[in-house]
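Since the structure of chain A is already known, use the hints to place chains B and C on it.
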Amino acid sequence: MTAIETEAGTFQKGSAVGQSVPRKEDGRLVQGQGVFFDDVKRKDMGYLHYVRSPYAHATIESIDVSAALEMPGVYGTLTGDEVALLTDPFFQIAAPPGGHVKDYALAVGKVRYLGEPVVAVVAETRELARSAAEFVMVEYEPLDVLVDARAALAEGAPVLHEDCGGNLSYSGVWEWGDVDAAFAEADHIVSIGELHFDRFNSTPLECGGALVEYNRGTGQWTMYTNNQFPGFAAIMMGPAMRVGIDKLRIVTQDIGGGFGNKITTHPQLTVCCLLARKLKRAIQWTEYRTDFHQSMAHGNERWFQGTEVAVKADGTLLGFRTKAIDDAGAYLRYEPLGGVIWSQVAGGLYRWRNIRLEFTQAMTNKAPVSPNRGYSRMQQLWFTERVIDIVAHTLDFDPVEIRRLNFIKPEQMPYETANGCVYDSGDYPRALDMALELIGADEIEDRRAEAASRGKLLGLGIGSTLDSGTNNFAQSQLINPELQFSGNNEVATVKLDIFGEVVVTLGTTPQGQGHETTAAQVVADILHCDVDIINVRAGHDSYWNSHAGFSGTYASQFAVTGLSAVKGAADLLAADMVKLASMVFQCPEEAIELADGFARIRDNHEAALPFMALGAIPNANNAGFPDDPPTMNCRYVYRPAFEVPDKERKFGNLTLTYATQIHACIVEIDPETGVTEVVDYAAVDDCGVRINPQIVEGQVMGATAHAIGAALWESFVYDEDGNLLTPNFYDYHVPHVLDMPPLKTGAFESPSPFTPLGTKGMGEGGGGGIHCICAGIQDALRAAGGAIVTDSHNPYHRVWEMLSHPERSRETIEVTSR
Amino acid sequence: MSTTTSTTRTISVVINGTSYERDVPASLLLVHLLRDDLDLTGTHIGCDTGSCGACTVVLGGEAIKSCCMLAVQADGTSITTVEGLASDDGALTPLQQSFHDHHALQCGYCTPGMLMSATALLEQNPHPDEHEVKVALQGNICRCTGYWNIVEAVVAVGEGGAS
Amino acid sequence: MLLREVEYARPATVEEAIALLSEHDGARALAGGQTLVNVMKARAASPDVLVDLADLAELRTISFSADQSALEIGAMVTNTMVISSSEVEVARPILAEVAATIADVQIRNRGTVGGNVCVNDPTNHYPPLLSALGATFTIRSAAGERVVSAEEFFLGVYVTAVSEGELLTRISVPTRRPGTGDGMAGITLGAHGTYLACAAATVGPDGVRISIGCVAAVPVRATEMEERLADGDLSEAAVRAAAHGLGATLDPPSDVHANAEYRSHLAEVSAVRAVLQAAERAEG
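Residue numbers (the numbering used here), protein chains in the order written: chain A, 2 to 819; chain B, 597 to 759; chain C, 495 to 778.
In isolation and in its complexed conformation, chain A is listed as follows (with noise of 0.2 Å):
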């Protein structure tokens, strides 16, 4: 067992911390006073409009700017020569050949995916900025087009990167225990042809965008922006234009939804800064939906081929081998890191201890994927779910049972999984018996006969997933020896300002998940006072001095890194704050505590200063002290305690905590048609202590919408010369109000042993409603020929065809037994 120090039980809730205190944010949200990156308006600012690439894979011949910057009111252009010429290609995360990419702001000498930026246009409206992007001129020679990963190393392929040599990005095999002596053991061998988790991705509801000004002095662009990982983006940056990363200062305040997607918008905002310098004046760019849908982040589409599960005669399983195939896109803007994100949750939550996979990753010519909602642990998941219910389903097991049996048990947390993961703690019988009472399971056959006398058929599935969070950034170590990237950060500052206010200031990027509201909680109950009083500013600034190079809001990981920081910083502010009142009331430090909004004397209540007094003391009234007052400003720090995995076995600990959810819903298929609907659902969750449960419960919803939306409606479909199909809200059908089940919600703490806390990150979810659809899809499909649901999303059109052509998925699947 790895050892690692256990940090709980070091934090004494008091009045806030666990309840659903309403959120500090919600008052300018609810009276359309937010400040998203659209608000911010400067005098004379330019509109970018980008003249984007309506082919999939080309080469660019030429560009003619001349007739749009002839018309009055254009203010200029940017092309990829001089993107070229004024910046150095992107940091490339991957070793060769991925890490031969060249990736620049524009498009520079050819396209590789439909939609691509080509040229920046700006104007005085944004009308104008449109209709003279209609008429730069560019010549482009149409190549051939690879949109299928799986046809990317194939002799022949059209190659999207010659630098690479191929369209490889990422190549490596995994593989712990002995695989060969489970194999040899098993009494069943299930073999599953081809499993694929498909392409989408969570669309938040506003798009990209910034406006950037440049100070000519001193050489400093501020950007009012949407990006959710800024210590990411100026890492990007700062050495593709050739700056320090102070010159970056990336602002944010309100974000209309991230989810991942918005943390690679480092090639849009290297666009607007090299424009604010070049034309002197402030540039505004707005992404709109069909550009967001053509180019921004989707999710990795991945195909698990040639597995193989080894199994007891008892259900017992041992083992398992794959090869999987994963679709990077066009370029590598955060990848390959998916390749290793994935092995975070290798074995789901089972007692997998043989583990083969081959993992491939290929370029195509479809939008770069980057991080999304359970980015590449939701895939891995997706699979071992999968590979339950197939195993079930074919040997005749119950999905219950052969879950139960297999769950890694609740005394055996924290536990290891065979390749060095530590799971901090967790139940997950408990989980699921929550669940399955929460949608009746009791009563499913009942509901089966009921729906059958409608014409219906009914199923119900089990979704069991892990939200691993906090990162170890050295597991990209795993896919590039040579990076120098490890462990995790985030800072918190906590002072107290002239007149008694707590202000915390934090690196990270809030898009919803109240971490106003949360931080609150955290220092209200520290420093023993009313949460009302406690400002946490909204949002990101680089300038604020409490950011550190992994800030962001991404990977669930607030309620460890966020809060964690702040509980330091805060603590840090209560010493200061007893030291003080020791020096004013000259008694010893011991004497003193922190109640009701007052440093007192524990013994005399009277003798008591108020945080005014505490702060003015420092910042205005210092005279007369014999040694320096405390500063009354805090930062910490958090540093989560993390080695350097074993780079030869792929063996470590790549993440702090591991929350649990445990969905289970119920479908009705429609035989006649195949529409399928979800008609009851329920969600269990287990995040350690909550701090909020309210948040919890919604980002919980949250997750579950998307979940439903990707197992049913949506998907980035391209059709064979790029072209993407679902560019829109009209094709991309997201779920609206109508289309959601009743909900049932349930939670129970299991407390993180590792975290300040005892909090672990959450909000991505796992994807558990897309497993447990799937798997509610193929039990009600028992009933109309059997067949097996091996795609992740699951439309109409693939359930007809499953009611039709049950043996077509039967047969990808064999057993050999003993």
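Simulated from the structure, these hints should not be mistaken for laboratory data. Where hints are given, some of them may not hold.
[To be verified] Using C-beta positions, here's what the derived DEER-type ranges look like:
{"#": "1", "chain 1": "A", "residue 1": "Ser-192", "chain 2": "C", "residue 2": "Val-750", "range": "27 to 33 Å"}
{"#": "2", "chain 1": "A", "residue 1": "Ala-158", "chain 2": "C", "residue 2": "Val-750", "range": "20 to 26 Å"}
{"#": "3", "chain 1": "C", "residue 1": "Asp-725", "chain 2": "A", "residue 2": "Arg-151", "range": "50 to 56 Å"}
{"#": "4", "chain 1": "C", "residue 1": "Ala-539", "chain 2": "B", "residue 2": "Gly-657", "range": "27 to 33 Å"}
{"#": "5", "chain 1": "C", "residue 1": "Glu-777", "chain 2": "A", "residue 2": "Pro-743", "range": "30 to 36 Å"}
{"#": "6", "chain 1": "B", "residue 1": "Gly-672", "chain 2": "A", "residue 2": "Glu-135", "range": "30 to 36 Å"}
{"#": "7", "chain 1": "B", "residue 1": "Asn-612", "chain 2": "A", "residue 2": "Asp-533", "range": "28 to 34 Å"}
{"#": "8", "chain 1": "A", "residue 1": "Pro-55", "chain 2": "C", "residue 2": "Asp-725", "range": "53 to 59 Å"}
{"#": "9", "chain 1": "A", "residue 1": "Glu-135", "chain 2": "B", "residue 2": "Arg-618", "range": "23 to 29 Å"}
[As the list claims (entries may be wrong)] Short derived list, chain C residues pointing at chain B, Cβ under 7 Å:
{"#": "10", "residue": "Met-495"}
{"#": "11", "residue": "Val-500"}
{"#": "12", "residue": "Ala-503"}
{"#": "13", "residue": "Gln-528"}
{"#": "14", "residue": "Lys-535"}
{"#": "15", "residue": "Arg-604"}
{"#": "16", "residue": "His-686"}
[Unchecked claim] Covered stretches of chain B, as calculated for chain A (at least 3 residues, CB under 8 Å):
{"#": "17", "stretch": "640–650"}
{"#": "18", "stretch": "673–679"}
{"#": "19", "stretch": "703–714"}
The beta-carbon is built from N, C-alpha and C at its ideal position, and this holds for glycine as well.
Quick look at chains B and C alone, frame taken from chain A:
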């Protein structure tokens, strides 16, 4: 008599009780008039196909999508945007308060549109049931909440249970 | 978003509107704008002149014809007006029922019946419904009025019998006679979403009329199925038997949501369901 055509037009419109007179291009969308020209930035844009409802305002008592309407079409109308809901002293409407109480918003981007759709509903039907609320909000996409708390918040107002 | 420059006029009378539409090449009538404005946002079409019909109050009425045989719906009547109309409720409630499932409240508040039929998007609700109901369309020009049937009205996507210098002013729907029932069924992309396939049907003393949507540029009458049902047997078995093979006669487009084969199948299922619904109502 023949009506003349022109690429711009002077329009008069009352927004949140204030009269505005503006020369606007015929091609200007109402949502851009509100956001860019009048700085009423509470009304949002979430799509380009009239699908998402983030731009919903109340026009003549009815919820409409301000991205599916030209500013010139609004000539002579009376409009309420999210900025027109709370009173000047900041007192929230029962609906706004209910959104806050029921955690009916996360990122807050869809919220103004949701509030305006629900406001129009409640004016026409002060006590809607759950299904009526869902029908009224069908044109508003939320990507954060899964809608459950939003529906609850609106139903609660109708039942007099904002808190 | 972000439209091209466009000329705009807001006539006060139908005559002025027709004059404007006649005088300007590339002029287009702007009704509720719930499709047209979105098309202009995509710059998929850019009319030179928009003739806004908003002030034409005479196009915004719902009334009965002099002999009470038809419901007369002005072209500028919104879906919301249809839903809440007492005339519609009495004379042809299917119109309100279907209108209530079009898109969403905001679009129903602005979107008009006339706009919907003039757009004639194959996935629109009214074209197959009005075709099944035997509606007629009144088109006015400087030369006068003409009245056409649904078969004559719907010519293609965005193409109808309304030609340059003409304006659709009124849609006339026969009032429901005793023993008549109407139905509409289809498969949508999510609740109230776009139709993947749909069918509308009316059954009554004059037999059965069935019109299929989403399978061609115009609504398709299922005449063979209508004939097979002419003997009046509208039992489920009879309707299913009558529909059998209907899908194979259709040649619908394929798209990301449904290929031609699946869409044909859905159309056949929709036809069965629409007729059964209509038959049930005819009895009740």
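Does the structure break any of the earlier hints, and which numbers would those be?
Nothing - there is no hint that the structure violates, so all of them hold.
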